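There are 4 protein chains.
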Amino acid sequence: MYLTELKKIQTFIFDVDGVFTDGSVFVNDNGDLLRTMNIRDGYATKKAVRSGLQIIVITGGNSRGVVTRLNRLGVEKVFTGVQDKIAVLDELIDSGVVDLSTTAYMGDDMPDLKIMSKVAFKCCPSDAIPEIIEIADYVSSNHGGRGCVRDVLEKWLKLNEKWGA
Amino acid sequence: MYLTELKKIQTFIFDVDGVFTDGSVFVNDNGDLLRTMNIRDGYATKKAVRSGLQIIVITGGNSRGVVTRLNRLGVEKVFTGVQDKIAVLDELIDSGVVDLSTTAYMGDDMPDLKIMSKVAFKCCPSDAIPEIIEIADYVSSNHGGRGCVRDVLEKWLKLNEKWGA
Amino acid sequence: MYLTELKKIQTFIFDVDGVFTDGSVFVNDNGDLLRTMNIRDGYATKKAVRSGLQIIVITGGNSRGVVTRLNRLGVEKVFTGVQDKIAVLDELIDSGVVDLSTTAYMGDDMPDLKIMSKVAFKCCPSDAIPEIIEIADYVSSNHGGRGCVRDVLEKWLKLNEKWGA
Amino acid sequence: MYLTELKKIQTFIFDVDGVFTDGSVFVNDNGDLLRTMNIRDGYATKKAVRSGLQIIVITGGNSRGVVTRLNRLGVEKVFTGVQDKIAVLDELIDSGVVDLSTTAYMGDDMPDLKIMSKVAFKCCPSDAIPEIIEIADYVSSNHGGRGCVRDVLEKWLKLNEKWGA
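Chains as they are written, first to last, in the numbering used here: chain A, 1 to 165; chain G, 1 to 165; chain C, 1 to 165; chain X, 1 to 165.
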């Protein structure tokens, strides 16, 4: 039963594009990519961090604004411009920050496939690619950028009786 | 009958994110959150204010642009960065600005739950969270940012025979 | 038959919000409202102007960018910040710019209702308000900002055998 | 069988608006048109270029940001502000850059019609105009800006056994 697994999670790792966003990026005149995020995801993220969940973000993208936004929500460990997500994960394990047996991952596309296969709880938005959906323990009914982060964090908070707090 | 209640409303309090917007926020390079609003909501807001309805906005977010926009529509009381909406409501009651028996509230998410339970008329967009929908006297058929504000204000204006004016 | 009427049109007046756009406005830090337009609408607008159709835009909104964009497409008469669309129309009639018997109008909301009732050919996007849809000679199957302008201009161009040209 | 044809393609030419984007353009205060692109399209573009596919972009629009973005993905030949796409194609053929018998094109609107009719493999997003859909060898099930580029490039990569690499 996936809820039993989710309840035990102590670290939640998230991808950004297609998870915290809908996969669209706004291209400004310099070619920088700006993102649109979701307020309800933000509410749950803040609440989960305050409730003791360790949230880590690992993304291939570079967006100063997204980092600032996540920091303000209480997410301190934000890795951007990452080419090899497994390498980042390995460092986090080696330094004792992450214990795979209590770690969850939410991703949506190919660069998430290998790292996702390592963690205890694998989840994704409803519009993830087929390869990701196939290995997921839980597929949210929400799309990326439309509440998939909120969905899993709200579930974790409720399972740990910290939603109403 | 909810229309009888709505007709008597003299003060309408609105949340911003998920009500005047669809809950998406555009993150700029500084991590500031910029919003997309709806022209038809704006039309009804302006008309309702001119017709004597007191409109108040209370939001957890901070957006200078949203405040300016609302001010231009005639909404003078805009409270931003609010952590505790009940505290703001209590001050408004104490200072005689708000009379709960003729006050309505439209919200969509957890931070709206308590304040909404206090007012005479509770309403929400169709994509509000289940907890909000459960206590609502009226659920608009429109989503947040897609005309839910217009819907309730147009109804109020028509009930008070001020829509065609 | 509405196509017979459309073919004879020599002047096409358009609203902006909800017609050239989907009714959403992006609010920047100053409270200015920025718009999203549609490339296919732009293609047809440019082609129609070059084919001899007089296109006029009358909007309640103020957007320097929209004016510049429309000018570049060949639309020279763009009236912004208009409170009373009928007054602008009357001036255009008095100065001989517009002949109502060969004029069409596309609008979507209350401020379009009176001016629309004056012209020879009335049309609207599929998501116009019920009051507008009720008086329309033709309701496009496209939403505002999603090709409703393209739809009517392409039809006009085809009827006048100028689409393939 | 269209997959046999697609496998042999060595050059893929793309339109921008309605293909890499959903056809919407954000109009800033200067009337400049800014675009929203898709991260998954970007992933496949980068991978295809690295796998030896020549990708060329020809667009009627002007967007410095889009050019920078495409360059960063490895697309070096980006032609913007193009009035006559056939003229650009002819130059590419004359200079030996493009061999029509192994060239594909993805477009969505009238300015793509003639150039598309020349190439060996014609494809389009699901929301292309009827004239384009009629001549397409393959219609992606994805809309413009919502993964149609990803779809055809992923198929090409898989056919050439370079997707997992």
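Because the hints were derived from the structure by calculation, they are not lab data. All values reported here derive from a predicted model rather than from experimental measurement. Do not rely on the hints blindly, as some may be mistaken.
The list that follows gives simulated cross-link-like pairs (lysine to aspartate or glutamate, DMTMM-like), each with its CA atoms no further than 20 Å apart [to be verified]:
#, chain 1, residue 1, chain 2, residue 2
1, G, K114, A, D29
2, G, K162, C, D84
3, X, K77, A, D29
4, C, K46, X, D84
5, G, K155, C, E131
Hints, verified against the model:
1. G:K114 / A:D29: 44 Å, violated
2. G:K162 / C:D84: 18 Å, holds
3. X:K77 / A:D29: 18 Å, holds
4. C:K46 / X:D84: Given that 20 Å is the threshold and the Cα spacing comes to 15 Å, the pair holds.
5. G:K155 / C:E131: 14 Å, holds
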